[in-house]
Each structure stands twice: as C-alpha cells, then as structure tokens.
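*Asks:* Here are the chains, one letter per residue:
There are 2 protein chains.
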Amino acid sequence: MQTRRRQIEDVASTLFSSRGYAATGMRDIAKALDLQGGSLYSHIPSKEAVLAAIVEEAAEAFHAAARPIAERPGPAPERLREMVAAHVRVVTGGRERAKVFLFEWTFLGEERRAAISRSRAAYQGYFERVLAEGVAAGELAAPDPKLAAVLVLSAMNAMAHWYRPDGPLDPDTLAERYADLFLGGLQATHERMP
Amino acid sequence: MQTRRRQIEDVASTLFSSRGYAATGMRDIAKALDLQGGSLYSHIPSKEAVLAAIVEEAAEAFHAAARPIAERPGPAPERLREMVAAHVRVVTGGRERAKVFLFEWTFLGEERRAAISRSRAAYQGYFERVLAEGVAAGELAAPDPKLAAVLVLSAMNAMAHWYRPDGPLDPDTLAERYADLFLGGLQATHERMP
Numbered sequence: 001m002q003t004r005r006r007q008i009e010d011v012a013s014t015l016f017s018s019r020g021y022a023a024t025g026m027r028d029i030a031k032a033l034d035l036q037g038g039s040l041y042s043h044i045p046s047k048e049a050v051l052a053a054i055v056e057e058a059a060e061a062f063h064a065a066a067r068p069i070a071e072r073p074g075p076a077p078e079r080l081r082e083m084v085a086a087h088v089r090v091v092t093g094g095r096e097r098a099k100v101f102l103f104e105w106t107f108l109g110e111e112r113r114a115a116i117s118r119s120r121a122a123y124q125g126y127f128e129r130v131l132a133e134g135v136a137a138g139e140l141a142a143p144d145p146k147l148a149a150v151l152v153l154s155a156m157n158a159m160a161h162w163y164r165p166d167g168p169l170d171p172d173t174l175a176e177r178y179a180d181l182f183l184g185g186l187q188a189t190h191e192r193m194p
Numbered sequence: 001m002q003t004r005r006r007q008i009e010d011v012a013s014t015l016f017s018s019r020g021y022a023a024t025g026m027r028d029i030a031k032a033l034d035l036q037g038g039s040l041y042s043h044i045p046s047k048e049a050v051l052a053a054i055v056e057e058a059a060e061a062f063h064a065a066a067r068p069i070a071e072r073p074g075p076a077p078e079r080l081r082e083m084v085a086a087h088v089r090v091v092t093g094g095r096e097r098a099k100v101f102l103f104e105w106t107f108l109g110e111e112r113r114a115a116i117s118r119s120r121a122a123y124q125g126y127f128e129r130v131l132a133e134g135v136a137a138g139e140l141a142a143p144d145p146k147l148a149a150v151l152v153l154s155a156m157n158a159m160a161h162w163y164r165p166d167g168p169l170d171p172d173t174l175a176e177r178y179a180d181l182f183l184g185g186l187q188a189t190h191e192r193m194p
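Sequence lines, in order, name chains A and B.
Each step along the first sequence adds one to the number in this note's numbering, with nothing skipped, and position 98 is 98.
Each step along the second sequence adds one to the number in this note's numbering, with nothing skipped, and position 44 is 44.
Wrong hints could be hidden among the right ones.
Derived Cβ-Cβ restraints for the label pairs, each shown as a range [said to hold, decoys possible]:
| hint | chain 1 | residue 1 | chain 2 | residue 2 | range |
| --- | --- | --- | --- | --- | --- |
| 1 | B | G125 | A | D172 | 22 to 30 Å |
| 2 | A | R4 | B | A121 | 37 to 45 Å |
| 3 | A | A115 | B | G25 | 28 to 36 Å |
| 4 | B | A53 | A | T106 | 37 to 45 Å |
| 5 | B | G125 | A | P45 | 44 to 52 Å |
| 6 | A | L169 | B | G74 | 28 to 36 Å |
| 7 | A | P143 | B | G74 | 23 to 31 Å |
| 8 | A | R27 | B | E78 | 50 to 58 Å |
| 9 | B | E110 | A | D170 | 42 to 50 Å |
If you are wondering where the hints come from, they were derived from the structure by calculation, not from laboratory data.
Ideal Cβ positions, reconstructed from N, Cα and C, are used throughout, including at glycine.
All chains should be modelled from the sequences, with the hints used to inform the complete structure.
*Replies:* Given below as structure tokens:
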C-alpha cells in the first residue's frame, strides 16, 4: 500500500517534471492531493524537502543499479552493456522521478545541491572506471573516458524526455541498441562484437 | 547595436533557461530590463510570443547549420562529422537560447507547438537521411538510423546543460571527439577512420 509520503512524492514528481520545480507551489501539491495546505505541512516541512526526497531516492536507485556491475571483475565491454541496460531501466521505469533527479536537482539548496553533485560525479565515475579498465585491458579504445561517459549518460538521460511505455521499443531493446552504437559505432568497416 | 527586442529575448532566455518558462512572469522580464510592465507590452504582446520568438530563431539557426550539409552529396561519415560540428557550434554558441529551444518549447501554445514539433522532426530527419545514405553506400552500419540520430542529438543537446566556455575543450574539439565516438565506437578491434 502506498504511504502518504509516497503519494506526495509522486504528485510532486508529476508537477516538478511537467512545469518545473520553480513554477510549482506547495499549494499545487496540496490541491492535486485534495489536501488542505496545513495538512500537507504535517507530512513534509517544505517544498525543497520533497524535492530532496525525490532526488535522493532516485540517486540511490541509479547507484544501486550500476555500482555492483562497475565493481565486479569481468570484460569491460560486457559490463558497460549491462550498466547501460541498468541505467535505461531506472530512467524508463520512473520517468517523472528520473526527470526531477536529472533536470530539477539544481533547485536544491546549497548543501543538498553539493551532496547531489558529488553523488552524480561518483555515479559518472563508475562508467569512467569501467571505460578506463577496458582501455587498460586492451578491450576498448577510449582516448577520453570522461567524455565518453558523458556522451552515453546524456543520451540515456534524454530518454526521460522522449520514452513512452507504448512506444515501439521496450527498455531492454533500447538499451541494447544504444550499447551497440556506443561500443561499436557506425563505421561499416568495423569488426562487430560476437 | 542590440535592438530592444533582442535585449528582451536575451533576458527572457536567461530567465526561462534558469528557472523555467512557467516560473517566469512578464514582470520578471520587465524587472530585469528595468522597464515598467506596460512598457514591455509595447514591445511584445505576451510571454508566449517571446518564447515563440526565441524558439523560432533557434530552430532557424539549427536548420541553417545542418541542412546544407545534409543536402549536398559526399561521403556520409564526412557529412555526419560536419553536421555534428555545426550542431555543437549552435548549442555552445548560445546555450541559454538553445536550452529554451530544446527544453522549454513544450510550453508553447498548441499551434506553435505543433509547428515546432514538425520543425524538430524535419531537423532530426537530416541526420536520419545522411545515416540512411551512408548505409545505402556501404559506408555505415546503422540498423536503426532513427535511433542513431536520436542518440547523437541527445548527447549533443545535453551540452546546453554542461558546456562552459572556460572549460578545457573548445566546441570544435568536443564535436570531433563526439563524432569519433559516434562513428567509430569504443571497440579496440575497430579499424579507425584515416
């Protein structure tokens, strides 16, 4: 059963991701829940606290998905492929929460913003690390692992804008095609992965 | 010399791209320009009209940059490389306007939104067309040219969020590295472009 808090976060995610955090008031959240403003404050202290809760939970979901794959041994191309699938699943599994995490986190207050900024850097670091390990093992050619990580994360994150559950491709197929492009590129002369 | 209208659009781009269209009022735009609200209305009829002007000019800039390259003959990998450079130049050359075009256009009224939606599809079509031509010529392997176009455009568009003019890489270097990744991928076994 959904708790009240979860309901508040769901409604706030919808509003923050559609019109933006700055354009959403506590009153809008209360109205969407059919609550009195005062009653809403008995569940959450402020609009920023709701944003923080959504962003922190989303950050945890991303870390939980990718970190174990980055930290285990194994061929880098294979692990990258799995990390792409894991990331795409989190984005497409909760697009509104993902959009708030990815594009509205900058509205957090200074302290929380600094913490999330570190968390985002650490997350990107999993991809950089596996890319660098792949280069060291002679499996990958990535002259700039950081920029390669930014490219693939940017492309996947944009799915929060365009992915539709009733679209032609399911999340795992999307992830597979993105991983094919990211790993193999477009050149017809390439040797392909087995 | 900057016209008043251009000043209004610049200020509106800054506000729309930082706090979002929905959270910005005509009053905020007037205030940032040190104008009375009434005086602002003598230059522009509504907030949506400013958004429309910014979005339509940005759309023109993107089309003018990529269309001539897509429509001329020549090897597809080379043209894609130039289209990536052209797109990155537009994004990084006016990040605030690009951000408004890319991420706030959905706030346009129905009619204008439909027009911009068609314009965006046509723009993406240039990339799909060159990818398909490359496949037909045996220069590229792109089983899904549409998704490949979405991937590279998403990755480039995210630069509107993170690119900084004082960062370590200039736009042309960024574009070159993105084109390398997009065309050549990461596999160490690849034959590389000359």
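*Asks:* So the hint says 44 to 52 Å: do the beta-carbon atoms of G125/B and P45/A match that?
*Replies:* Roughly 49 Å apart at Cβ, these two residues keep to the hinted range, so it holds.
*Asks:* Using the beta carbons of P143/A and G74/B, state whether their distance is inside 23 to 31 Å or not.
*Replies:* This hint holds: roughly 26 Å between Cβ atoms.
*Asks:* Kindly confirm whether 42 to 50 Å is satisfied by the beta carbon distance between E110/B and D170/A.
*Replies:* violated, 31 Å
*Asks:* Indicate whether the distance between the beta carbons of A115/A and G25/B respects the range 28 to 36 Å.
*Replies:* holds, 31 Å
*Asks:* Has the hinted range 22 to 30 Å been met by the Cβ atoms of G125/B and D172/A?
*Replies:* Given about 27 Å between the Cβ atoms, the range holds.
*Asks:* Does 37 to 45 Å hold as the CB distance between A53/B and T106/A, or does it fail?
*Replies:* violated, 26 Å
*Asks:* In this structure, is the beta-carbon distance linking R27/A and E78/B contained in 50 to 58 Å?
*Replies:* holds, 55 Å
*Asks:* Holds or violated: 28 to 36 Å for the Cβ distance of L169/A and G74/B?
*Replies:* holds, 31 Å
*Asks:* So does R4/A sit 37 to 45 Å from A121/B, Cβ to Cβ?
*Replies:* holds, 42 Å
The structure is inconsistent with the numbered hints 4 and 9, although it conforms to all the rest.
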